[in-house]
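Sequence lines, in order, name chains A and B.
If you read the first sequence in the working numbering, its first letter stands for residue 1, the second for the next number, and so on.
If you read the second sequence in the working numbering, its first letter stands for residue 164, the second for the next number, and so on.
Worth flagging that the hints you see were computed from the coordinates, not collected in a lab.
Computed from a predicted model, the values in this text were never measured in an experiment.
Heads up, the beta-carbon is just placed ideally off N, CA and C, and yes, glycines get one too.
Keep in mind that a hint or two might mislead.
To be verified - Straight-line C-alpha distance at most 16 Å; calculated EDC-like pairs for lysine to aspartate or glutamate:
no., chain 1, residue 1, chain 2, residue 2
1, B, Lys522, B, Glu545
2, A, Lys14, A, Asp50
3, A, Lys122, B, Glu529
4, B, Lys497, B, Glu248
5, B, Lys522, A, Asp110
6, A, Lys77, A, Asp110
To be verified - Among chain A residues calculated to face chain B with C-beta under 8 Å, some are:
no., residue
7, Val97
8, Asn101
9, Ile116
10, Val128
11, Glu135
12, His150
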Amino acid sequence: MAAETGTPTTLTLKSNDDELFSVAESAAILSVTIRNMVEDGCAGGVIPLDNVDGKTLASVITYMNGISAIPADEEKKKSYRDKFLSDKDFETLADMVLAANYLNMSCLMDAVSAKIAQVMEKKSVGWVRRKFGIENDYTPEEEAAVKEEHKWTFEGVETDDDN
Amino acid sequence: MSTDGQNTDRANLVSRKRKTLDCDSTMAKIASASVGHDDGSDATDKSFSVPGFLREFLMEEFGGDGGGSRHRKLMVIATHTIMLECGFLGFDEKSNAVVNGFRPPRDWPPSGDPFAMSLFYTLPESNNRPRDGESVKNVVLEFESSGEFITVSGRLDIKPGMKDTDMVESEKKDTDLVESKTESEKKDTDMVESETESGKKDTNMVESEKEWEMVESEKESEKKDTDLVKSEKEWEKKDTNMGESDKEWEMVESEKESEKKDIDLVESGKESEKKDTDMVESGKESEKKDTYSVRMKEDQLIPFANIVIENKIGGIDKRTSPGKEVFTFWRTIKDDLAVPLSMDLRYGSSNYFMRLSTKLKLKILESLSVADLANVGSVCHELKCLASSDKLWKSKYEDEFDDNKKDARVSWKMAYRMARYGLSNAELAFGVVAPYELQPYPYPFVVPSDTNAERDMILRAQTYDRRRRR
Numbered sequence: 001m002a003a004e005t006g007t008p009t010t011l012t013l014k015s016n017d018d019e020l021f022s023v024a025e026s027a028a029i030l031s032v033t034i035r036n037m038v039e040d041g042c043a044g045g046v047i048p049l050d051n052v053d054g055k056t057l058a059s060v061i062t063y064m065n066g067i068s069a070i071p072a073d074e075e076k077k078k079s080y081r082d083k084f085l086s087d088k089d090f091e092t093l094a095d096m097v098l099a100a101n102y103l104n105m106s107c108l109m110d111a112v113s114a115k116i117a118q119v120m121e122k123k124s125v126g127w128v129r130r131k132f133g134i135e136n137d138y139t140p141e142e143e144a145a146v147k148e149e150h151k152w153t154f155e156g157v158e159t160d161d162d163n
Numbered sequence: 164m165s166t167d168g169q170n171t172d173r174a175n176l177v178s179r180k181r182k183t184l185d186c187d188s189t190m191a192k193i194a195s196a197s198v199g200h201d202d203g204s205d206a207t208d209k210s211f212s213v214p215g216f217l218r219e220f221l222m223e224e225f226g227g228d229g230g231g232s233r234h235r236k237l238m239v240i241a242t243h244t245i246m247l248e249c250g251f252l253g254f255d256e257k258s259n260a261v262v263n264g265f266r267p268p269r270d271w272p273p274s275g276d277p278f279a280m281s282l283f284y285t286l287p288e289s290n291n292r293p294r295d296g297e298s299v300k301n302v303v304l305e306f307e308s309s310g311e312f313i314t315v316s317g318r319l320d321i322k323p324g325m326k327d328t329d330m331v332e333s334e335k336k337d338t339d340l341v342e343s344k345t346e347s348e349k350k351d352t353d354m355v356e357s358e359t360e361s362g363k364k365d366t367n368m369v370e371s372e373k374e375w376e377m378v379e380s381e382k383e384s385e386k387k388d389t390d391l392v393k394s395e396k397e398w399e400k401k402d403t404n405m406g407e408s409d410k411e412w413e414m415v416e417s418e419k420e421s422e423k424k425d426i427d428l429v430e431s432g433k434e435s436e437k438k439d440t441d442m443v444e445s446g447k448e449s450e451k452k453d454t455y456s457v458r459m460k461e462d463q464l465i466p467f468a469n470i471v472i473e474n475k476i477g478g479i480d481k482r483t484s485p486g487k488e489v490f491t492f493w494r495t496i497k498d499d500l501a502v503p504l505s506m507d508l509r510y511g512s513s514n515y516f517m518r519l520s521t522k523l524k525l526k527i528l529e530s531l532s533v534a535d536l537a538n539v540g541s542v543c544h545e546l547k548c549l550a551s552s553d554k555l556w557k558s559k560y561e562d563e564f565d566d567n568k569k570d571a572r573v574s575w576k577m578a579y580r581m582a583r584y585g586l587s588n589a590e591l592a593f594g595v596v597a598p599y600e601l602q603p604y605p606y607p608f609v610v611p612s613d614t615n616a617e618r619d620m621i622l623r624a625q626t627y628d629r630r631r632r633r
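Pulled out of the complex, with its shape left as it was, chain A reads as follows:
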């Protein structure tokens, strides 16, 4: 353990496509899933993470390292998170939500879902459909009814045209 040797303990994480990553225990335990494993003494050797692929895990570890390097300062952490997520494309974000959920990392989870939500903000219905590849399963009448039903929410809000 870290305390005994004086050097930080590192854990080895294995992605579902068999990539191995070393990460400091102090950073890795941001994930409740990993923390539980460590506490249960199951963290010796390699920790297999069956639901995370290598690319995503690399991202997540970057985040773990980054955020754990910041002392308890919510403002700074927040700005780190914003910066960290700013260059991720939607696909990566979706993968990260899944990973964060699996790893039980609430802070990353919140940040990523907020970021994904931000993609949808103030977008037209058509845009969301195309961007997310969602098929319109409404009949024209149903769609009109749904729009009508939601009219009240748009008071005082400008939305983009339905393009």
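Chain A is already provided as a structure; the job is to place chain B on it using the hints.
Chain B only, in chain A's frame:
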């Protein structure tokens, strides 16, 4: 499979065996197999238990055709069955028609190396609703032998020159590009407005939005350049972060290569992707993402085949259950090929959002404003139900109105709406606001939060109305 089913199987086997003896060429055998299957034996049509079906076809297939190609054929047929089991329908790419029922592949390639063939599938839903100018969407499975491995890879089948869905989509998106630029400009101003709220986010976010648009459009026009640069960036990042572990990692990788060959019966998907330690190669990632592949060592298929054959020959002997191997095979094909392919076919390969679980979708929707929620609800049925979720609106309500309300009369969405406009239930029911939301949801999977309260409310409103008219 029940005993009855097995007996039927066996009866079929016997009759087929006779047929097999009569026929000479493999082709004729396969033809007769498919005809025979279509004519009768409903029992096997309905239940594609892997061993049961394999046994049947082995009789047909391996009668005169032993050696190298038989385990390949076995694998192709097994994969075919699993695909059908997962809801796919066979698809004839030449006539653009759906092949109903179970038909084995007909055009076997000549046996011997290299072995390569393709099978096409589609889904019932996507076939029922072909829009104008679109061909039926389908997926293609490609079997390929390379050395001692046989690889099955599946992807959406996009035919160049045909007006495919994806083609239409990408055309649309091209024109949208201009629009989306103006959109992102708009966003600029929006963001500036919300600056006070969201603090430091602004510039980063606007930039990243643009970048997304760019990335998307460039993917669309199939320029891999930015992707490459992007993934290079990512890899650089990883390099700096992972500095130390890198070497170790590569070593492990090469070890793993050799180990794998020995141990694994089945090497599952995305393999080539993960081995791309080389930066340049990782540029191809976006392309590979849409292709799912399963690779098997041919040697490993032989015991697999043998077990099944033994099972057939041994007849009643159930001790040699092929359970484990067959199950592994089945699970791998299903999880790594069939399921992701059917998701792609249903939602298009770019749909990362709809693939998330309901819980995660809700989590994401939580961060949306009321207007955005309504907007998202207009996208499709599923999102409407999600965006109407009580939990979501309860938190919206609690954020906005500080009255410690414990219980919404109808739904929290209604409660929110009423609180926002200061309306009472009665006013609402009188048509001050269109009572759309009082109608029960037409969707079977949505349970209104409190049906009794709803009915109650309508009734009370009606009596009140009557009284007032008098």
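Here's how the hints hold up against the structure:
At roughly 13 Å between alpha-carbon atoms, B:Lys522 and B:Glu545 fall within 16 Å of each other, so this suggested pair holds. Taking the CA atoms of A:Lys14 and A:Asp50, the gap is about 8 Å. The hint holds against a cut of 16 Å. Restraint check for A:Lys122 and B:Glu529: the C-alpha separation of about 15 Å stays at or below 16 Å, so the hint holds. Between B:Lys497 and B:Glu248 the CA atoms are separated by roughly 9 Å; this keeps the pair inside 16 Å, and the hint holds.
Restraint check: the Cα-Cα separation between B:Lys522 and A:Asp110 comes to about 13 Å, which is no more than 16 Å; the hinted pair holds. A distance of roughly 13 Å separates the Cα atoms of A:Lys77 and A:Asp110; the hinted pair therefore holds under the 16 Å criterion. Hint on A:Val97 holds. Least Cβ distance to chain B is approximately 5 Å, under the 8 Å limit. Because the beta carbon of A:Asn101 sits about 6 Å from the nearest beta carbon in chain B, less than 8 Å, this interface hint is met.
Contact between A:Ile116 and chain B, as hinted, is supported at the beta carbon level, the nearest pair being about 5 Å apart and thus within 8 Å. For the restraint placing A:Val128 at the interface with chain B, the shortest Cβ-Cβ distance is roughly 5 Å, inside the 8 Å limit, so the hint holds. For A:Glu135, the interface hint holds, since its Cβ comes within 8 Å of a Cβ in chain B; the closest pair sits about 7 Å apart. At about 4 Å, the closest approach between the beta carbon of A:His150 and any beta carbon in chain B falls short of 8 Å, and the interface hint on this residue holds.
Hint violations for this structure: none, all hints satisfied.
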